[in-house]
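With the hints as a guide, bring both chains together as one complex.
Chains A and B supply the protein sequences, listed in that same order. Residues in the first sequence are numbered consecutively from 1, following this note's numbering. Residues in the second sequence are numbered consecutively from 363, following this note's numbering.
The reader is advised that the hints may include incorrect statements.
[What the hints assert, rightly or not] Covered by chain B, according to a simulated footprint, are these stretches of chain A (three or more residues, beta-carbon under 8 Å):
| # | segment |
| --- | --- |
| 1 | 80–87 |
| 2 | 99–111 |
[As the list claims (entries may be wrong)] The calculated label-pair distances, taken between Cβ atoms and stated as ranges, are:
| # | chain 1 | residue 1 | chain 2 | residue 2 | range |
| --- | --- | --- | --- | --- | --- |
| 3 | A | Arg129 | B | Ile748 | 43 to 51 Å |
| 4 | A | Ser68 | B | Arg904 | 47 to 55 Å |
| 5 | A | Gln309 | B | Leu452 | 46 to 54 Å |
| 6 | B | Thr804 | A | His169 | 28 to 36 Å |
| 7 | A | Lys132 | B | Trp368 | 30 to 38 Å |
| 8 | A | Asn243 | B | Thr804 | 47 to 55 Å |
| 9 | B | His646 | A | Ala339 | 49 to 57 Å |
| 10 | A | Ser168 | B | Trp833 | 37 to 45 Å |
| 11 | A | Gly311 | B | Asn739 | 54 to 62 Å |
| 12 | A | Ser68 | B | Pro800 | 29 to 37 Å |
[Claimed, not checked] Some chain A residues well away from chain B (every beta-carbon gap over 12 Å; in silico):
| # | residue |
| --- | --- |
| 13 | Gly41 |
| 14 | Phe299 |
| 15 | Arg318 |
FYI, nobody ran anything at the bench for these hints, they're computed from the structure. Computed from a prediction, not measured in an experiment: that's the story for all the values here. C-beta atoms are modelled at their ideal positions from N, C-alpha and C, and glycine is treated no differently.
Listed below, chain by chain, are the residues.
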Amino acid sequence: MNNDFITIKAINKTYENHIALNNVNLTLGEGDIVSLLGPSGCGKTTLLRIVAGLETPDTGDIMIQGNSIANLQPEARKFGLMFQDLVLFPHLNVSDNISFGLEMQGISRQDTKGRVDELLSLVNLTQLRERKIQDLSGGERQRIALARALAPNPRLLMLDEPMGALDSHLRQTLYIQIRDILKNLGTTAIYVTHDRNEAFAVSDYSVIMNNGHIIQTGPPHEIYSKPKTKFVAQSMGFQNLVNVYLTMESSKTFTTPFGLITIPSTHNYLSDRELEGTLVIPEFSISLATSDIAIDSYFEGILLRKIFQDGNYKIQVRIGETILHFVSNLEINLPPIGAPVQISIDWSSVIVIPNDLKTILG
Amino acid sequence: MMTHSWKFWGAFLLIIFLAFTVVYPLISILNLSFRGNSNMVWIDVLTDNYYLDTLVFTTWQAIASTLLTLLIGIPSAYAFARYNFPGKRLLRGLTTVPFVMPPLVIALGFIALLGEKGIINSLLQSMFNLDDAPLRLMNTIYAILIAHIIYEFTIVVRIVSTAWANLDPDIENAARMLGASQWKVFSKITLPLLLPAIIAAGSLIFVFTFTSFGVVLILGGANYATLEVSIYTLAAHLLELPAAGVLTVIQMTITIVLMAFYARYQQRAALSFNLVPNKATTMHPRGKFDKLLCVSNYIIVLIILSPLVALIVRSLISDGHITLTGFTNLFSNERDSFFFVSPLQAITNSLLFGACTVAVAVPIGIISGLLLGNSANWRKALLDSILMLPLGISAVTMGFGFLIAFNQWGLNLTGSWTIIVIAHATLAYPFVLRSILPVLRTITPSLREAAQMLGASKGNIFTRIELPILWRGIVVGAVFAFAVSLGEFGATLLLHRPEHTTMPIAIFRYLGQPGESNLMQALSMSCILMFISTVGFVAIERLRFRNLGSF
Numbered sequence: 001m002n003n004d005f006i007t008i009k010a011i012n013k014t015y016e017n018h019i020a021l022n023n024v025n026l027t028l029g030e031g032d033i034v035s036l037l038g039p040s041g042c043g044k045t046t047l048l049r050i051v052a053g054l055e056t057p058d059t060g061d062i063m064i065q066g067n068s069i070a071n072l073q074p075e076a077r078k079f080g081l082m083f084q085d086l087v088l089f090p091h092l093n094v095s096d097n098i099s100f101g102l103e104m105q106g107i108s109r110q111d112t113k114g115r116v117d118e119l120l121s122l123v124n125l126t127q128l129r130e131r132k133i134q135d136l137s138g139g140e141r142q143r144i145a146l147a148r149a150l151a152p153n154p155r156l157l158m159l160d161e162p163m164g165a166l167d168s169h170l171r172q173t174l175y176i177q178i179r180d181i182l183k184n185l186g187t188t189a190i191y192v193t194h195d196r197n198e199a200f201a202v203s204d205y206s207v208i209m210n211n212g213h214i215i216q217t218g219p220p221h222e223i224y225s226k227p228k229t230k231f232v233a234q235s236m237g238f239q240n241l242v243n244v245y246l247t248m249e250s251s252k253t254f255t256t257p258f259g260l261i262t263i264p265s266t267h268n269y270l271s272d273r274e275l276e277g278t279l280v281i282p283e284f285s286i287s288l289a290t291s292d293i294a295i296d297s298y299f300e301g302i303l304l305r306k307i308f309q310d311g312n313y314k315i316q317v318r319i320g321e322t323i324l325h326f327v328s329n330l331e332i333n334l335p336p337i338g339a340p341v342q343i344s345i346d347w348s349s350v351i352v353i354p355n356d357l358k359t360i361l362g
Numbered sequence: 363m364m365t366h367s368w369k370f371w372g373a374f375l376l377i378i379f380l381a382f383t384v385v386y387p388l389i390s391i392l393n394l395s396f397r398g399n400s401n402m403v404w405i406d407v408l409t410d411n412y413y414l415d416t417l418v419f420t421t422w423q424a425i426a427s428t429l430l431t432l433l434i435g436i437p438s439a440y441a442f443a444r445y446n447f448p449g450k451r452l453l454r455g456l457t458t459v460p461f462v463m464p465p466l467v468i469a470l471g472f473i474a475l476l477g478e479k480g481i482i483n484s485l486l487q488s489m490f491n492l493d494d495a496p497l498r499l500m501n502t503i504y505a506i507l508i509a510h511i512i513y514e515f516t517i518v519v520r521i522v523s524t525a526w527a528n529l530d531p532d533i534e535n536a537a538r539m540l541g542a543s544q545w546k547v548f549s550k551i552t553l554p555l556l557l558p559a560i561i562a563a564g565s566l567i568f569v570f571t572f573t574s575f576g577v578v579l580i581l582g583g584a585n586y587a588t589l590e591v592s593i594y595t596l597a598a599h600l601l602e603l604p605a606a607g608v609l610t611v612i613q614m615t616i617t618i619v620l621m622a623f624y625a626r627y628q629q630r631a632a633l634s635f636n637l638v639p640n641k642a643t644t645m646h647p648r649g650k651f652d653k654l655l656c657v658s659n660y661i662i663v664l665i666i667l668s669p670l671v672a673l674i675v676r677s678l679i680s681d682g683h684i685t686l687t688g689f690t691n692l693f694s695n696e697r698d699s700f701f702f703v704s705p706l707q708a709i710t711n712s713l714l715f716g717a718c719t720v721a722v723a724v725p726i727g728i729i730s731g732l733l734l735g736n737s738a739n740w741r742k743a744l745l746d747s748i749l750m751l752p753l754g755i756s757a758v759t760m761g762f763g764f765l766i767a768f769n770q771w772g773l774n775l776t777g778s779w780t781i782i783v784i785a786h787a788t789l790a791y792p793f794v795l796r797s798i799l800p801v802l803r804t805i806t807p808s809l810r811e812a813a814q815m816l817g818a819s820k821g822n823i824f825t826r827i828e829l830p831i832l833w834r835g836i837v838v839g840a841v842f843a844f845a846v847s848l849g850e851f852g853a854t855l856l857l858h859r860p861e862h863t864t865m866p867i868a869i870f871r872y873l874g875q876p877g878e879s880n881l882m883q884a885l886s887m888s889c890i891l892m893f894i895s896t897v898g899f900v901a902i903e904r905l906r907f908r909n910l911g912s913f
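Looking at chain B on its own, in the form it has when it is part of the complex (with noise of 0.2 Å):
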């Protein structure tokens, strides 16, 4: 299907795009990072204590929020991978519902849960008649960990239970014939054996709360800043662009790390052991202690559900009384003048910016699909590995590295929709990738030798057979793509000028404003944010084929 000079371009366009939007960044970052060839700024950063401490408080709040996603989520992961219980399937789904929401929403979903007017403070003032709000969670290293065990519990739920899933009961029925307890079943046999995922889930879990940006801006307030806030307060604010260079390099250099651990290990998870299938390994629980963890499993997604839930009844409610002004307002209202557009402008940049992100992103990803291929040797695991770099850098990263790199040598991309647009399709190109090769990969030689036995020409088989086998994979990742793009924040909101704004950075500056009605409209935005990715979300597991295209 593939001719040579097809398979030329398709490299030779990629390799442009990769040079653009990764090479050239992460070069021009590094660059400033050692300004005038001194390392002036490096000594700087790191004898700093603010910086310093910055780091720290970046690494201990990863490592606390992966240590109790997995403490909450191993034993919810067994439950969902032994047993049976009515609605597991749904229940399973719903674990992923947080995780595929923009940042933002999830935020604002908390806010309207346990903020300080939120839903359980208000019915505990009412109750007890209290004048303050009892619960004071907002800028708390609390109410960042919690929201990050919220949006990360089902990466365990989604490696770790899938792996056990898989692994044969039988394993572990012959050591205890062999004499070893039930302890030391777990310790000597599960453990190690489900240990390859564990770390891949903890390792990836550490990567995106090692650069969580929108939860910790958001919920931590002024006392508490990640290297990705610091990078972009440094960037934005205090225009300290070397410094923020060494945070970037600090950061990416950590994440990168950790990425190819995560590789490594979800690799071995896969390979490492009998692997039966899920129905074979499943029983009704039976003892009281089965029965607790599988109702426990229940209350977990209730909770995790909660502040979405929260988010959609507190933007109906507003001083005790149902209203839609929340949402009214965000049609009517053109006073906004901080804002230089409306809600409504915003709703329609993010659909445009979403739409001309696919219209970018498809085509880079069916590419990348098909030089990738069916076969695979070491050229193209490392061309796939270059491919998937964006996912280890983080949003406030790339946002940087377009920042200074499309400001230099002539070259003046700032402040225009362009930039946006790459920068929004860069970081979505590799879900549209991972959504096309497992479809592609089930289109075998011998399934296009089977059409031609049958008198199919090659224009035959790529009409009727590879194209639309691949079809369903594209639209996935179209959808896939739109999605990124209408929930992305970090990157935007460094890159967009005010005319630009996109539904997060309204609602982010709503935030920055007081009064209930600003809050109203950001719970309304958020809420319709959260609507848009729903149904963005329902549409990739309908179209996606069986068991294809997951992470």
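Here chain A stands alone, though its shape is the one from the complex (with noise of 0.2 Å):
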């Protein structure tokens, strides 16, 4: 597979002393679907419109296949874009709607009549054919929408939050069909989103962006288990976040609310000198200590919360001024809510992160 079929290349953009987009750089191979996540805001919406040539980059190239389209208007580059607010054309029925672009691509009315059929069907809803846009549902607004943008077979598919308004439980079944067509198609997409359950359940990789820069890019698990910045930690969902600060004494070992504590996954880049990191404990690595472990491999607490949700408890419990999030299951005997319990963590699984951005950014 080509592997630069897209290269987004050094895309900068100021609005009115508001930086947009800071030196962002991405490339897409064919059949990739990428997924922007992050806060709103953060630049995701712009660097798409930038993409779909609906806005100007202040620098920067874009280009397929190595040939730049930055001097192309929107709709000579071929590229799909479907909107956040959909914008169905509210005059056009349907199949109207899903045929406009193949229309503008001067492609015969047999053609595009096979063509809509096809797309109607691959969006299961052969039946809505001529349906007024008005009443539809909003999830067939989606897919109808999404089968408008994929009619003229786009290059490169831009997604802007397509989910947009609709409830937890469609978005679920929605994202996980439009994948298996994005997949099924073999279409080069770019999908944004600011959910990170729906970027990686659609996606091949993920491109997490804050405030205008690309913070970190990769397949959801490499994100997920090893986070480059607080931020990307704080967006994957880790809850316990702990300042902590490198000893002198040894390369791997921190001055935490804990005490002294070795982590034995420590990156290199701490080692030279003294620094300030955040150490990021997975919820899965707390447990409530049994009795039969070691006396100085658990720390006592107070328990603050319990609370029943998915089959578990949701356990909240201070240690000194920290507190710590963590699941336990039914079996454990919970004491009373401000009893003392003892916790033990499992330091393998932990992960510390610089706070300094440059030591990584560089």
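See below:
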């Protein structure tokens, strides 16, 4: 597979003193589905609009198979965009919406009809062919918008938070369908969202953005297991983030609220000087201590809350000033709220992230 | 889609049009009232008891009409907003029918129903063997007030009941849970929340009844004259132009202040509370009181429509017999020398003026719409309110302004058919603008971008997206313009020459003549006018995009 089908190179964009995009670089292989994940205002929609040609970057280039398309008008780029608010054409019915892009290419009426049928069956809405847009449900509109964007066979399909206003149950079924459809067609796609589960389910790899920067790029499991910054760790849903300092004695020993702790998996970049960092303690590495473990390997805390959820207890324990969140299964008899508890932490699965962003971005 | 020069020429054309049709006539009126750089005319008018009485009468009849309409309208608006009852949508729609009719049609309907030779009097006479008509409502203040209520009722239903329907009942429930009695809830919660809508409706009704012309002229007779009627009499019959100018300035000041009031509260009515979909706020009537309110809505609609029904019935009955002579005379009678034109010619004139009005008002409306465009800023808001000015200027004011403005400085358009078309177009284009603007605003930048991403060029976007979407708005606007021209009475009465007689003018002339035959022709002509207006407004309702373009 072509590894640099689409190249987004050194894009900068500034709006009235606000930096929307700061030196953004990204390459997509043919058939890749990439998700752009980040909070609203992080620049992901701006990046899409620049790639689409609806906005002009201050500097930078966009290339397809090595050829720059930066000077092409949006309609000449042969890219597709599924808008956040879908913007189906209100005066056209379902099939006319889908065939619009085909007609713009001058495709014959006969071929257009066949293609519309094909797409309608692809999104499983064959029966809605002649329906008015106003009479469609939210989920149906979403799928028609996808069919419309796919109809002209775009070289790159961009989807800007396409699940916008849908409820969470419908979202889940729909984004899984979208991935299946895109993969079946082999479409190269950029999928913008602020929901990490959606991003991970749909895409081959994710791009985490914040404040106009790309912070981290990689397959979902990699980003999850090795978040590069505190921001990425927060985006991944980690709740136990504890400030720590590297000690002088050892390159893997830290001053933590729990005392001096040695973290085996610490990366080398922390080794050369005293550094402030963030300890990321995954929920699964914390457990309530049972009586048979050594006395010096657990920590004494106070049980703050227990919330029954999804078949387990979500537990909050305070140790000194630090509150830790974790999950406990049902079998363990929990003490009452406010009572002392002992917990143990499996340090081998704990990650340390330097707080100094420059260390990473170089 | 719009290049710079396009915008520039559009704005240029619009400014010329507005300067000619709005600014220049208004300045001419003002200038006339201060003729000879003195305020003599003003002092004369303001110290003359006749004029002061007219001003007082105009004001109090407008206040009385407004309060009565609100008094009857608010409970009805409540029932429309909160209860489900069979035929509610249709009923609500029917309340609008009198409002969209030319005032002359309503006045004639009133004569057909309650006049001395009207249906009710005939029935009473034959039932009780009376020689004289027992009900004598013509030329009384009651006739004027009732006609105004019938005419303006829909404004309360439209504005207040819409606000009420969108008001979340849980706001009221929250107050009840906090210990408020039903009366407290109404006075402390519901009423304050609805007040902007009530004030908006009230000020609009006040403006309309304050400048009421056709209804007062025909139903008030010689006994009652509003400022509008006085301006007409002074200008057309007594040729006291400066005095007419002073009255016009007074009337215009009051109406513009109230229109501003309306605009302000109309906005607040839309903004001030939790908007929830109508469906969630309606329920089935349960108690006796609820049912009574719903039933009374049926009765109110029946009463509102009764003049129009009476108009049809009465135009087919003469001296107790069913007859078509009213209609056949319209098409065969060429002898009416006092008209100079045959009734058929009047109908043709009306249709021609309507078509010409459409041809002028629609382009003006489209240009204004495109200039106002998608976004809103203070400059556009200002342009918008200037463009809406003709709605606040009464028809007689417009006619009077044209009469003096286009008969000076070597400019002489008075008596021409062009002046009537321009007057009609000026009164009509705000309706075109209001029909187009909401549709135009649905064409968002992202809609254009969506088409662009699918490969559409700028030309394609215009022909395939913008024009087809806009088209219905344009057609609705055109029908509006046609209907406004067709029913226009006040301005035409001042500006027309006999050969330019339109249907409303012909109706008025027939009424001025004695005898059953003339009455029959007036009634028949009104029926035709009513029929054409109805067709127009049914077309508008069908063509209009859902929830767009309402006033």
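Now the hints, each set against the structure:
Chain B is given as covering the segment 80–87 of chain A, and this holds because 5 residues of the stretch bring a CB closer than 8 Å to a CB of that chain, at least three being needed. For the segment 99–111 of chain A, the stated coverage by chain B holds: 4 residues have a C-beta nearer than 8 Å to a C-beta of that chain, and at least 3 were required. Taken as a hint, the range 43 to 51 Å holds for the pair Arg129(A) and Ile748(B), whose Cβ atoms sit roughly 47 Å apart. For Ser68(A) and Arg904(B), the hinted distance range of 47 to 55 Å is satisfied, since their beta carbons lie about 52 Å from each other.
One distance hint, 46 to 54 Å for the beta-carbon pair Gln309(A) and Leu452(B), holds here, with the actual separation near 52 Å. The hinted range of 28 to 36 Å is satisfied by Thr804(B) and His169(A), whose Cβ atoms lie roughly 30 Å apart. Take Lys132(A) and Trp368(B): their Cβ atoms lie about 33 Å apart, and the range 30 to 38 Å holds. Checked against the hint of 47 to 55 Å, the pair Asn243(A) and Thr804(B) passes, with Cβ atoms roughly 52 Å apart.
Evaluation of the 49 to 57 Å hint for His646(B) and Ala339(A) yields a pass: the beta carbon distance comes to about 55 Å. The beta-carbon spacing between Ser168(A) and Trp833(B), approximately 40 Å, falls within the hinted interval of 37 to 45 Å. Between Gly311(A) and Asn739(B) the C-beta distance comes to about 56 Å, which sits within the given range of 54 to 62 Å. A C-beta distance of roughly 42 Å is found between Ser68(A) and Pro800(B), which places it outside the suggested range of 29 to 37 Å.
At the 12 Å boundary, the C-beta of Gly41(A) stays outside the reach of chain B, the nearest C-beta of that chain being 18 Å off. The claim that Phe299(A) is not at the interface with chain B holds, since no C-beta of that chain comes within 12 Å of its own (minimum 47 Å). Remark: the non-interface label on Arg318(A) is consistent with the geometry, its nearest Cβ contact in chain B lying 38 Å away (cut-off 12 Å).
When held up to the earlier numbered hints, the structure conflicts with hint 12 and nothing else.
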